[in-house]
Structure formats: structure tokens, C-alpha cells
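Novice: Chain by chain, the residues:
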Amino acid sequence: MEIPYVVQPRQDTGLYNAKVGIWLFLASEVMLFGALFSSYIILRIGAAPGEWPVGLLNVWIGMGNTLVLITSSITVVLAWASLKMNNFAKFKVYQGFTILLAMTFVVIKSFEYTDKFTHYEVVLQDNTIYDGHLKERTPTHVVIHGHKVEHGRHAEGEAHGSKTPHTDIRIERAQIKKMENYGPWHNTYLAIYFTLTALHALHVIGGAVVIGYLWGPGSKLWKTDPERFTNRIEISGLFWHFVDLVWIFLFPVLYLL
Amino acid sequence: MQPTTTHSHTHGAHEAHHEPGFWQKYVFSTDHKVIGIQYGVTALFFLLFGFLLMAMMRWQITYPQKPIPVVGSLLNAVLGDVAAGGIMSPDLYNAFGAMHGTIMVFLAIVPLAFAAFGNFVVPLQIGAVDMAFPRINMVSYQAYAIGGVIMLVSFFIPGGAAQAGWTSYSPLASWIPGHGQTFWIIGMVFLITSSLLGAVNFIATIIQLRAPGMTWMRMPFFVWAQFVTAFLLLLAFPPLEAAAIMQLMDKVAHTSFFLPTGLAVSGGELANISGGGSPLLWQHLFWFLGHPEVYVLILPAMGIVCEIIANNTRKPIWGYKSLVYSVLAIGFLSFIVWAHHMYLTGMGTKISTFFQTTTMIISIPSVIILSCLLISLWGGSIRFNTPMLFALAFLPMFGIGGLTGLPLGLNYSDIHLHDTYYVIAHFHYVVAPGTIFALLAGIYFWYPKATGRFMSEFWGKVHFWLSLIFMNAVFQPMFAQGMQGMLRRMSDGAANYSLAKVGTDAIGGLTDAIMKSNITISHAAWALGLAQIPFIINFFWSLRHGKKVTSDNPWEATTLDWQTPTPPPHGNFVAQPQVHRGPYEYSVPGQPKDFTPQNT
Amino acid sequence: MRELLQLPVLASEHGKTVDDLIVYMHWLMILLFVGWIAYFAYVLFRFRQSRNPKADYLGARGHASTWIEGLVALVEFVLLFGFAVPLWAKLVDDLPKESESVVIRVAAKQFEWNLRYPGKDGVFGKQDISLVSGTNRFGVVPNDPAGQDDFEKVNDMHVPVNKPVIVHLTSMDVIHSFKVIALRVCQDAIPGLSTPAWFKATKEGRYQINCAQLCGNGHANMANGFITIESQAAYDKWISDQKTGAAGAAVFE
Amino acid sequence: MSDHHAHDAHDFQHHVRRYLFVFWALIVGTIITVGAWYVKLDSMALTVAIALLIASVKAFLVAGYFMHLISEKKMIYGILAATAFFFAGMMYLIVWGRDQVPQGTIHLGSRDTFQTPGSPSKAAH
Ligand code: HEA
Ligand code: HEA
Ligand code: CUA
Ligand SMILES: [Cu+2]
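Protein sequences, first through last, are from chains A, B, C and D.
When the letters of the first sequence are read in order and numbered with my numbering, they come out as residues 1 to 257.
When the letters of the second sequence are read in order and numbered with my numbering, they come out as residues 258 to 857.
When the letters of the third sequence are read in order and numbered with my numbering, they come out as residues 858 to 1110.
When the letters of the fourth sequence are read in order and numbered with my numbering, they come out as residues 1111 to 1235.
Next up, chain A with everything else stripped away, as it sits in the complex (with noise of 0.2 Å):
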């Protein structure tokens, strides 16, 4: 005997099996998600007063990503509406974006994720704190190219706004005391900054590769049922739109709040 309403929905809840596993799956998602924005806002009403950097992150490159993934999410779509409406292949090309536009976010994060692994804090003997890219490291010096930081330690950030002139500042090895870049144990900020994008980004990843299987191989079974690959055109096109809703939400809580 067959597994019924693979393809079919089942009268009663007028819903097919992959459908009703998509939505519990993504309900999942929601809770993970959910846990980890809540830990965003207990780290952020935690910090202590200006210890919160606002402007860390080029709002211009989040912005494109953004723009990226919402591109991504219609031609996701549109894919699916053209199998829908028996067009395989204007399918094939809609979800060739798709792949496309998938692979440019990661290209364009792993630029902002590279910017930030290389952007130091120096903090000297005499504590006095210097802030820039690394742009050389010898056994005796490093050459930073940013700029000395006024008072204390410095939140906001140096994206926007008024930002001092940076120029390369030569520190001699001997006079650091501790050097330290922007990585996830810089502070709480950036922890839950690396950590919610890089699984977002890891759903990305996920995602495009199970489009691509069925863009690629995958495919195949349109000749054979159709009905069945259209549904599962439908069900990686939610996961897909998930991720997209769940950047909409990333976006302006980690790049511009």
C-alpha cells in the first residue's frame, strides 16, 4: 500500500503531507529564532549604558544583501508560478537566479564577515586605544589603518556619520598590551551578531543547495509527475521565503538599531 496524499491534499484538512511538514518545520524555526532574538534583546538591555555599539555594520552592504534575498525571494516564486503554469523553462531560468542571487548574499557576507575579522582594537600599555584594519603585522610593529579613540572605549561606530580621518598608524609590538579584532568575542554585540547571521547564513546555504538539486538533477522528475515537483518547487520555495523573512527581521535590529 502507498502513502496517501503525497501528492493529493487529504480532504479533511485540504493540505498534502510535505505541506503540513513544512509549516511544523518552520514552526521550529520560528521557536530558534525566536530563542535567539530574545537573547538579542536580554544582551542589549543588559550593556551598560553606551556599551552597545550602534553603526558597527555598513548599513549600504546589509541594505544590497537585503535587496538580494527579496530579489531572490520572487524569482522563487515566479519559478514556481511558471511550473504552475507548465512553463519548465522559464522555471529553469527564474530558479537559475534564484541560485545566483543565493550565492551573491554568501559572497557578499563572507566580505563582511573578512572586514570584520580584520578590524582591530589596540589597546597600548598606557591604555590608550587605537581602532583600524590591520593592514600589517611583523614580529615588531603592526600598521593599522584607522584612528586613535577619544575617550575611553568607543561605541559608536565609525560606518556613518562623523567619523575621524583614519590614516595608518605604525604601534610597536612592545607597546600593546592587548590587541584584539572584532571577531564574536569582542563583545556581546558582535557574539550574537556572528551567531544569529552565521545560522541564518548556514540556512541560506542549506537552501540554495536543495534548490539546486532540484533545479539540477532534481528535475527530473517533472516529466515524470509533475504534480509531485511542483509541490516540491512549493515546499524549498517556503523554507525559502522563511529565510528571507527572517533577514527582513536581521537587518534593521542588527544594522541599524
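Take these hints with a grain of salt, some might be off.
As the list claims (entries may be wrong) - Only pairs whose alpha carbons sit at most 30 Å apart, straight line, appear in this in silico DSS-like list of lysine-lysine: (1) K1020(C) x K1094(C); (2) K220(A) x K282(B); (3) K1100(C) x K607(B); (4) K578(B) x K1150(D); (5) K178(A) x K508(B); (6) K1150(D) x K148(A); (7) K983(C) x K804(B); (8) K758(B) x K983(C); (9) K911(C) x K607(B); (10) K758(B) x K947(C); (11) K773(B) x K873(C); (12) K758(B) x K977(C); (13) K773(B) x K109(A); (14) K911(C) x K718(B); (15) K1094(C) x K758(B); (16) K873(C) x K177(A); (17) K911(C) x K983(C); (18) K983(C) x K178(A).
To be verified - Below, a sample of chain D positions facing chain C; criterion: calculated Cβ distance under 8 Å: (19) G1145; (20) S1153; (21) M1154; (22) L1156; (23) Q1213; (24) G1214; (25) H1217.
If you are wondering where the hints come from, they were derived from the structure by calculation, not from laboratory data.
Idealized CB from N, CA, C, for every residue including glycine.
Given the coordinates of chain A, assemble chains B, C and D with the ligands onto it according to the supplied hints.
Specialist: Just chains B, C and D with the ligands, lined up with the frame of chain A:
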């Protein structure tokens, strides 16, 4: 559909066309029944393993700093210095304690109660051919197995397994040297993944694959219990997953999610971390899972007990609807009571009032469920076979465990009882003599369906009476210990807090009598272990030598799981069952037999 | 009932109410349990198969159980809103005035209790987390005048009887829990937080301080802390006997 | 979407137009969000409110139209309603719990603003 009366053939003729090989049949199977059995056997192994850890810990509790007989030298040889001279060091005690809790909860009881019984029984009871997503089902089992292996391996890495309790509170968990905690977290991620996939599968199956006529209110109560349990897993586990990810980040990426500013490491010097995190955040996220999790441990057990009681009283369950509404209420409320584990972290009046109110409210549906099951006995014609004995014993055992939850649920009385053996006794009464008895009942009950043979009744009864006596002998004295203030997680069995140690110039040390009860408890615990030997032998012996069933429905039950060939073939039913009535139509007046199957 | 439950020695004012609540709750529990178990035994006896071969399709009639459930709920709510809530509120929202109480700061640490007393002036010197070190466990700011007569102790707490005592709890490393069984006091000491606990001792004597939260491999050995409850006179004498010093470093050596 | 009876292409063109409309709305929403941030409103609260409001509208559009929740089945609504409730409960209770502490409790400071442990604010002589 007529139930087939032949049972000697394991396979129906219709599926003879392709005989799958060994690997496909037993290891990479997608058949829900095989997966159920895989889960069951693995979980029983972990149950035994979890017990053995505790058996060794009980030695240390009772005879602190004395070498463990027999296994002590073995521990020393395998694990090294943590068991130098065969003596269990505090590190080892903590590792075993944390792993006892973790293994019992996540690797033994949940997989057995939810996954094993759920897999085997639910599709049969709703008249489905399989789970909705058989392949995902297989993956869930594999994720569980991998998680289990990771947990087991962690015992042997340098530094040993996780040592911060099954609750893994930060900052302790983030700081203990060694990688045990890292293994724990990664293992948990696999187990969580397994449970999430399982939960999706169960819910989708129950929503989508019910046989024609199997309306919601005709579902056996066990299916309802599994349905709610699946929702608990689905929505409560992800926050723990998030917390696990953050704790992993704290460990490997040196973030400070759970580490506040100003922490001083062992020497007293300030730790080199960014700080700014919140230790209580971990506790919230942990207990957000932790509390629903305890209902995950109990609801399937209640479901099993309900099936068996209906069957062996030969009459319908009293108040089926109340049962269903109660289990839904429990499921719903269990998400908003979690902080009753955190009263003494420093809680204001408002929020603790909220949480203790919800805690009191959630006890009401439990009372209703218990009452319905008890009242169901009235007017029955009670058969005392082994499954029924275990199911009946479940009721007062859960009653004791549940009732003792109440003084813990009020913050003010919790001040005295928190983190004492009273808590240990409370929850073991629910999970050990409670859930384990229900699970054993289930094993004795469904064994004939899975294998075509009965387990021995005589040895079953021996197993039952010994287990009942020793379970109580283990956990009853713990209430007194806790009431006197004996604290849990003491690697010396609280000897340092005993009158004998503190001396007479201090008031209120633990009395000799209380300390001596450690001896009673431990001996009872070891005896409890021995009492399982008849069961284990019976379990394997009966596979080949048990009394054969003479009908596909040996217990004369009404639910669909008994209206299949024995054992059920791939695809379960000979023909699509059509459901006509509720689940417990026993002794219907005017019917020829005292049971009316749902599909007739 | 107190005897039946074998509640341990009691030495604080509010402890009486804690015990009372435990006792009331256990009355409810025992009543329910005995009732149910009697019913249970009776039913198992009366409706066993050999005595009652034919089951009754309808089973129990009547709604006694609904009444019982309602009653259980009612009693629970009386205990909740009549006792637990107001008593808790008194405990956590009604801190006695610091000027009229003995105030002690506690920084727990693996595996000991560091105590800081404000000295004769009753005022603590300033503290700063960034100064915390192996020898300056409270991060005391040197040269703060208010701190000159403060003193620190390890594991040795003294308080007067019949006077409110406020203990501000924090931790230097992991979570500990400050518990004195006879005082019915239990409060977690959490790093990053300072949480007060207060009590009024009623019985002189020396009591052990327990650590009620798993805090590492020495958790069971965190047993060397004692609290001595003594008369006001003895307490005053004890205070005046203490070595004082701002950083308090000396007392650790 | 009621998938079981096949749509003819024309019928679906109708949907496609709607999808494109949603798409442009999302783009505009993004631009407004960034615009509001760029002009640096005086009030931080307003910035937050605008950003989250727009994000919610966008989320509604994605979920409602791209994920066609707007015409989904009851069962799905049920599942999502429960999820939303528990999510909100979790977030609210955890955040509320942070400040619902016994009188005199202090969240010890961080780097810049060191508070003194153990001096309840009211007891500041
Ligand atoms: C299956 C597991 C399970 C179940 C069902 C419960 C059920 C309950 N639990 Fe328990 N609990 C745990 C497992 C469980 N618990 C665990 C594992 C811990 C410790 C975790 C740790 O710290 O490591 C814990 C700890 C724990 C605490 C924290 C204690 C502390 O750390 O200080 C609290 C506090 O509120 C609590 C309360 C309750 C309440 C009110 C119920 C209620 O739901 C109970 C309702 C039931 C009843 C009221 C019984 C009704 C029955 C009758 C009236 C009939 C009697 C019948 C006969 C006599 C035949 N539990
Ligand atoms: C589901 C959960 C569960 C179960 C079933 C048990 C079962 C038992 N537990 Fe445990 N326990 C916990 C969960 C559980 N425990 C948790 C969460 C903690 C807290 C940990 C922490 O502090 O972090 C704890 C802590 C704990 C302590 C306190 C330790 C301390 O604080 O220092 C003690 C002390 O005695 C104890 C004892 C026991 C005993 C004697 C059993 C017995 O009931 C065991 C009975 C089982 C058997 C006798 C095995 C039967 C085997 C079979 C039937 C296998 C058959 C096999 C085949 C057929 C192949 N447990
Ligand atoms: Cu300190 Cu346990
Ligand atoms: Cu709980």
C-alpha cells in the same frame, strides 16, 4: 475488514515480491515498525547504561572514598586518574551524575516512550500504512544513534564527560576544563535534530494519515498523548538548541553570552573575556525546554496506561473527552511554567506569582487524568496480567510524584526543599516507578504484536513485584532526606554536612539516621538492578520460546493496532481499515463479544 | 505533622511560616493520597475478574470526582494566594531598613564564602569590579574613607540574634547557592548579580552554611562555612576584635 | 493555494501580477527603512518603532503572499497561532523576568559604569 486469523506467516503474500536484504531490513529500514524496534532496543540499552552509572554513584554516596568493588579497578584502567585506586573522584561523580540525567532523559526515556512506542503503535492505531515521511523517520533514528555515540565517546576523552549536571548551567558549564561539555552540546544538537524530525513526522502522520472514519474524537488516547508530546518537542526544543549554540560559542569562540562582566577565574584574577552576558539567560532557555520535557516523559506513559487499563478492565475509559481536553491543557500550559525551577535565582513577587499560579493550574489537568483513569476501574472486570499490574502501579506512583510536586511548586515552600533530595524523590517517582513502569507495561503488552509470542507471565509478575518493592525502597527514604535538608549532587553523599563530620558544636547537621538511609537506598537500588534480570532474560528468551499467540488479537482489544496480521507486514493492513466507532468499545450491551473493534 | 515530616531545627522568624506552608501542603497531599489509595484498593478488590466477570459498559455514575477536583483546585489556590504569594512578597519586597539591620556582603567563590562587613561605621567602602583580584576579592577601592574600618572574613559569619540581617550575595566565578537549613534561607549567588537575602535569627548557636548549587568538583566540600548566631553583646565584641583594613588583603593570607 | 484543481495559465497570470506588486512593496519598504535611519530622526524610540513596523509589514507581505498564508488552511493557522503565542510568551517572560527581581537586587555593572555590588539604590544613605 476482517482481521486475519493466520499469524504464523510473518509476511503477507502481497509483499513477497521483493525481499529486502539484512541491512535494508534492519538497519536502513524505513518501515515504522522496524524503526520503532530499533529505537526501543537502543533506548533499553541506554536505560541499562544510565542505571549502571547510577549504581556506581550510589556506592560513592554510601561509602565515600572507598574503592568500588569489582568495577572500581576497571574504571581506573579505562578512565584513568579520575578513578584512581578504584575510588570515584568528585569529577567522575559529577560526570556520571550529569550523564545519568542526560542519558536517562534524552537517550532512554524519550526515545523509548515517544519514539519507540510512537513509531510502532501510532501508525497502527490510526490505521496508516506507515509514517508520513518514512525516509525522514530513518534519519531521525540515525541522528539519535549518532548523538548517543557522541555522548558515549565523551566518557573516554581526556577530562571525561560533561560535569555540570544535566542542566549544564553556565558559567560552570562554560568553564570546566576539558571538552566533555563540548561533546555534550554537540551530542545534544544531534538529539534535538532527531526529536524535531520525529515530532514533525508524528504530527504530520496524525493529521494526514488517519484512516477513513478515524475522526479526532475516535483516536485512542495514546495517539492524543503522542500528538501533544510531539508539539512539546517541536516548539520547546529549538530554544534549547539556540542556547546550546550559544554555549558552544562561549566555549569555542570565547564569546560571553552567559558570562557577565567581572568574572574571576580560579586564582581570583579577572577572566580575559568580553563579559556582558547573562547566566540566567541559559537557565531560562534550558527550562523553557526542561519543563515541557518532563511532560514529554510522562504523557506517552499516561497514554500507554490508558490503553492497557481500558483493555484489562473490559470497559470504556471513563471521561475520554476530559482526558483529551486535559492533555491538551497540559501541553499548552507546560510552556509557561518553566521558571518554577528558578524561584531561588532571585525572583520578584509578580513573576513568581505568575509562574506558581500556572504551576498550580497545570496540576489540575494531571489530577483530572489520574482521576479518569482511576474511575475507569469502577465497574470493570479487571484482569491482573503483567501489563495491567505495571499500568495499575503507575497510578499511585505517579500520584506520589505528582503530589510532591505541589510543595515544590509554591515558591515559599520551595525555599526549604529546593535542590534537596526531596526534588530528586519527586521527579524520580514520576519518571522511574512512574514512566518506567508504564513503559514496561507497554513492552509486555505490545510484545505479542511485534513478535507473535507472549513474554512469560510468571517471570513478568516476579519482575513486577520486585521492581515495585525496590523502587519504593529507593525513592521513599529520599523524601525524608530532603526534608531534613540533604542536598543533591553531593559527591560524598552529603557526608560533609553530617552531624558526625560537623561535630557537636554546630546545630542541625544531618542526623545519623538520615545518613544511614543512604545505605538502605543504595542496596535497594542495586537490588532493583538485579530485579531486571528476569525481565532481560524473559525479553530475549521469549523471542524464540515464548508462548505463541493464537490470534492476531490476543488481548481481545478494540483499537486498530490489534486488527492487523501478526507481526504486521510492511504496509500494516491487509485492506484499508474503515473506522466506525470510538476507541474503547468494550462490553457494549447487546454485542456478542465483550469487545467491538473500531473497524467493525 | 511537623514531627511526622521530621522538619529540621528551626532558627529564624520567617522559617516558621515556611514550615507551616510545607505542613499544610502535606496535609492536602496525604488526604488526597489516602483517599485515592483506599478507593483504589477497594476497586481492585471488588471489580477483579473472578468476582465481577462481566464489566459494566457505563462504569461509574455521578460526579463526585468533579467535586474532588474542584476542591483540590480550591485548596491549592488558598495555599497559593493565602500563603505563598503574600509571604514571598514580604520576603523579597519588604527588605528591612539597612540602618536597623546587620548588612553583610558575600562573594562566593569555588569553594568558599568571602564575607565583607562594613565595620563600626556601618558603611561599606566603594568597590569596583575591575579591581577584583586574587587578593582583593571584593574589588575594594583603596583609600576610600568609608572603607577603612571594613573587614573581611572567609567562611566565618557572625550575626546577632533577634535582629534583621541582610546578606547581599554575589559570586566571583560560577553560581553557588547560600543555604542555611535552620534559617530556612536559600538564595542563589549569581555572578553579575547582587541579590539580597534576609532573615531574623531566633536561636543562638553555630550553624553550617551549605552550598546548594552544583559549582564544580568541590561542591560537596564547600562545607567549611559557618554562621554563628550570638547575643548582641557577643556580636559587638566579635566586631571590635576584628582586624580592619581597606583592601582586606591581609586576612586572606 | 488550492492546488488540486489545475489553474489555467490565465488564472495564474493574475497571481503573478500580485507577486510582482508585493516585490516592489518590499523594495520600497527596505528603502524607507534605510531612509528613516539615514535622516537620523531625533528620537531613538521612533527610529526603532519605524524600523520594526516596516519589518513587520514586510514580513506580513512575504508570509501572506509569497508563502500564500493569506489563503491557507485552518490547520496551518492553528499550528502557527500556537507557535506565535509560545514565541511571544517566551520572549516576554524572559525579558520581564530580568527586571522582576527582589528589592535591592543589582545588575552589576560593566566596563564603563561600575556599580558597587551590594548597595541597594534606596539605601544610598
Ligand atoms: C515526568 C516528569 C515530571 C512530572 C510529570 C512533573 C510534574 C510536576 N512537577 Fe516536577 N520535576 C521533574 C519532573 C516532573 N515533574 C524533574 C525532572 C525535576 C527536576 C529537574 C532538576 O532540577 O534536575 C522537577 C522539579 C520540579 C520543580 C523544581 C523544584 C526545585 O528544583 O526546587 C517543581 C517546582 O514547582 C516541580 C513541580 C511539579 C508539579 C507541580 C508537577 C505537576 O504537574 C504534578 C501534577 C500531578 C498531581 C498533582 C498528582 C495528582 C494525582 C492524584 C491526586 C491521584 C493520586 C493517586 C493515587 C494515590 C492512586 N517539579
Ligand atoms: C528519566 C529520567 C530518570 C530515570 C528513569 C532515573 C532513574 C534512576 N535514578 Fe536518576 N536522575 C535523573 C533522571 C532519571 N533517573 C536526573 C535528570 C537526575 C539529575 C541529574 C543531575 O543532578 O544533573 C537524576 C539524579 C539521580 C540521583 C541524584 C544524584 C545526585 O544528585 O547526586 C540519584 C540518586 O540516587 C538517582 C537515582 C536513580 C535510580 C536509582 C534510578 C532507577 O530508577 C533506575 C531504574 C532502572 C533500571 C534498574 C534499569 C532497567 C533496565 C532495563 C529494564 C533494561 C533492560 C534491557 C534490555 C531488555 C536490553 N538519580
Ligand atoms: Cu558552591 Cu556548590
Ligand atoms: Cu517543571
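Novice: Does each hint hold? Answer for all of them.
Specialist: Consistency of the hints with the structure:
| no. | hint | in the structure |
| --- | --- | --- |
| 1 | K1020(C) x K1094(C) | holds, 16 Å |
| 2 | K220(A) x K282(B) | holds, 28 Å |
| 3 | K1100(C) x K607(B) | violated, 43 Å |
| 4 | K578(B) x K1150(D) | violated, 58 Å |
| 5 | K178(A) x K508(B) | holds, 21 Å |
| 6 | K1150(D) x K148(A) | holds, 25 Å |
| 7 | K983(C) x K804(B) | violated, 80 Å |
| 8 | K758(B) x K983(C) | violated, 39 Å |
| 9 | K911(C) x K607(B) | violated, 54 Å |
| 10 | K758(B) x K947(C) | violated, 36 Å |
| 11 | K773(B) x K873(C) | holds, 28 Å |
| 12 | K758(B) x K977(C) | violated, 35 Å |
| 13 | K773(B) x K109(A) | violated, 63 Å |
| 14 | K911(C) x K718(B) | holds, 24 Å |
| 15 | K1094(C) x K758(B) | holds, 29 Å |
| 16 | K873(C) x K177(A) | violated, 56 Å |
| 17 | K911(C) x K983(C) | violated, 81 Å |
| 18 | K983(C) x K178(A) | holds, 28 Å |
| 19 | G1145 | violated, 39 Å |
| 20 | S1153 | violated, 31 Å |
| 21 | M1154 | violated, 26 Å |
| 22 | L1156 | violated, 32 Å |
| 23 | Q1213 | holds, 5 Å |
| 24 | G1214 | holds, 4 Å |
| 25 | H1217 | holds, 6 Å |
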